[in-house]
Amino acid sequence: MLSLDLSFYNWELFTNYILKGLVFSVQLTVFATVGGILFGTFLALMRLSGRPALVYPATFYVNTMRSIPLVMVILWFFLLIPMLIGRPIGADLSATITFIAFEAAFFSEIVRAGIQSVPKGQTYAGEALGMTYGQNMRLVVLPQAFRNMIPVFMTQTIVLFQDTSLVYAIGAYDLLKGFEIAGKNYGRPIETYILAAATYFVICFSLSKVVRKIQAKVAIIR
Amino acid sequence: MSLDLGVFCKNTLDGEVVDHCFSALFGLAQNSDPSYLDWLMKAWGWTLAVAGLGLTIALILGAVMGTLRTLPTTTSLNRWLIRISTAWVELFRNIPILVQVFLWYHVIPSFVLPLKSLPSYWLVSIALGFFTSARIAEQVRAGIQALPSGQTAAATALGLTTAQSYRYVILPMALRIIIPPLTSESMNLIKNSSVAFAVSVPELTLFAMQAQEETSKGVEIYLAVTFLYALSAFAVNRVMSQIEKRSRIPGFIVSNDASLAH
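Protein chains in written order, with the numbering used here: chain A, 1 to 222; chain B, 1 to 262.
You may find that some hints are simply not true.
A short, non-exhaustive set of chain A residues, derived as facing chain B with CB atoms under 8 Å [what the hints assert, rightly or not]:
id, residue
1, Phe60
2, Val71
3, Tyr168
4, Leu195
5, Cys204
To give a feel for the contact side, a few chain B residues facing chain A, derived at Cβ under 10 Å [said to hold, decoys possible]:
id, residue
6, Leu103
7, Leu158
8, Leu160
9, Ser193
For the record, the hints were derived by calculation from the structure and aren't laboratory data.
In this text, a Cβ means the ideal position worked out from N, Cα and C, and glycines have one as well.
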């Protein structure tokens with residue numbers, strides 16, 4: 001039986017190794033959430049537009065992204081972006097672009113479900129008031145849809161935060177990598193993996209508690 | 001841009017084109033060196049093995065944990081089982097799969113010595129199985145709670161014990177209801193099995209990384225790997241929808257909406 005000694009995990013180690021990774025993971029999560037919701041909303045509107053020229057490309061994009069493992073998507077972008085722009089690109093930037101593109105597909109499904117959850121009568125009422133399609137979406141449908149979607153968005157963001165650890169595949173310096181390098185340098189790989197798991201757990205568990213609270217609130221409003 | 005699929009017929013040792021792309025698989029030219037196509041097929045086999053084993057673990061544990069979470073809070077044993085299964089779900093749901101794979105590979109064998117003799121693909125399968133079991137448990141619980149409470153009441157009125165009412169009334173209905181979300185969880189598991197590259201299981205993703213480096217034919221290699229992942233997930237989808245059709249009870253509407261699960 002092996003005994004654990006966590007006394008090496010101090011403030012100095014945290015600021016030297018972990019903080020940089022934590023900042024990157026959080027930053028990646030925020031960029032991917034904001035960018036993913038933006039592009040995801042466009043994709044969802046394309047799919048719901050009823051025009052084949054918009055519906056098919058968006059559907060193809062979403063289904064392709066959803067059927068490929070994220071690790072492969074990360075590798076694909078890391079391979080293709082330098083080929084397209086003709087010069088190498090850093091792992092950090094590549095990861096950010098990948099996550100925005102990948103999450104857009106998942107957020108678009110949430111937005112689509114959210115829009116469809118708004119009763120048809122709301123759209124009819126908007127039309128009866130003489131609103132255009134754009135006005136109807138912007139002023140009537142989307143505000144209600146987004147309110148319903150907030151808990152699902154947040155759940156997806158927690159999943160996304162966990163998924164950022166997969167940038168391991170291209171060697172970006174994220175939270176997990178920070179713990180791994182610290183473990184190697186201090187000769188304590190076992191302890192640092194446990195600490196990494198504990199860190200992710202605390203963050204994701206507390207966030208999921210918050211989501212549950214918000215869910216209850218949104219449910220009352222509805 | 002043109003694709004050079006000839007790369008798959010190349011020898012993995014010296015990069016020369018071999019006579020039979022499929023040499024090792026069909027028992028042809030036993031003495032010749034394997035081609036990239038042979039390697040690809042072997043890697044696919046590893047992916048399917050890891051995912052299959054993981055799915056078996058996930059389905060069994062997920063069904064058990066999900067059922068335990070819905071137990072009536074009548075006895076203190078039940079209350080303990082509910083607590084344990086809730087903790088199980090929270091624990092395995094809130095740690096990234098890659099970190100869990102590292103825990104099973106680097107950490108847990110130092111504490112549980114018998115695990116040291118297990119091959120690494122077993123450890124990855126256990127990690128994937130436990131991770132997915134938390135998600136499946138949530139689906140099972142949702143399925144059980146979606147049943148009208150009259151079902152349980154009827155079982156109690158007939159004098160069935162708790163175990164009997166689960167065995168004969170609740171689970172046969174609930175497990176049918178949750179086939180669509182189980183399908184997407186199973187497809188997720190195949191996709192998630194790609195994390196096995198991180199502990200050097202020679203599956204598709206590790207093949208993609210290594211063959212890309214050796215041949216510089218990244219696009220061709222990645223296309224083949226991506227296609228095989230999509231094909232595997234699609235096969236699971238078809239099998240599950242057959243199971244859903246066969247197990248459907250006439251007169252009961254089984255929900256069909258695709259889950260958004262990641």
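Each hint, compared with the structure:
Checking phenylalanine 60 of chain A against chain B: minimum C-beta separation of about 13 Å lies over 8 Å; hint violated. At a threshold of 8 Å, the smallest CB-CB gap from valine 71 of chain A to chain B is about 4 Å, leaving the interface hint in force. Annotation: tyrosine 168 of chain A was flagged as interfacial toward chain B, and the flag holds, the nearest CB pair being 6 Å apart, inside 8 Å. Given hint, leucine 195 of chain A at the interface with chain B, is violated; its Cβ is 10 Å from that chain's nearest Cβ, farther than 8 Å.
The closest approach between the C-beta of cysteine 204 of chain A and any C-beta of chain B is roughly 4 Å, which is under the 8 Å cut-off, so the hint is satisfied. This hint holds: leucine 103 of chain B has a C-beta 6 Å from the nearest C-beta of chain A, less than the 10 Å allowed. Because the closest C-beta pair between leucine 158 of chain B and chain A is about 35 Å apart, greater than 10 Å, the hint is violated. This hint is violated: leucine 160 of chain B has a C-beta 33 Å from the nearest C-beta of chain A, more than the 10 Å allowed.
Evaluation of the serine 193 of chain B hint against chain A yields a held restraint, the C-beta minimum of about 8 Å falling below 10 Å.
When each numbered hint is compared with the structure, violations occur for hints 1, 4, 7 and 8.
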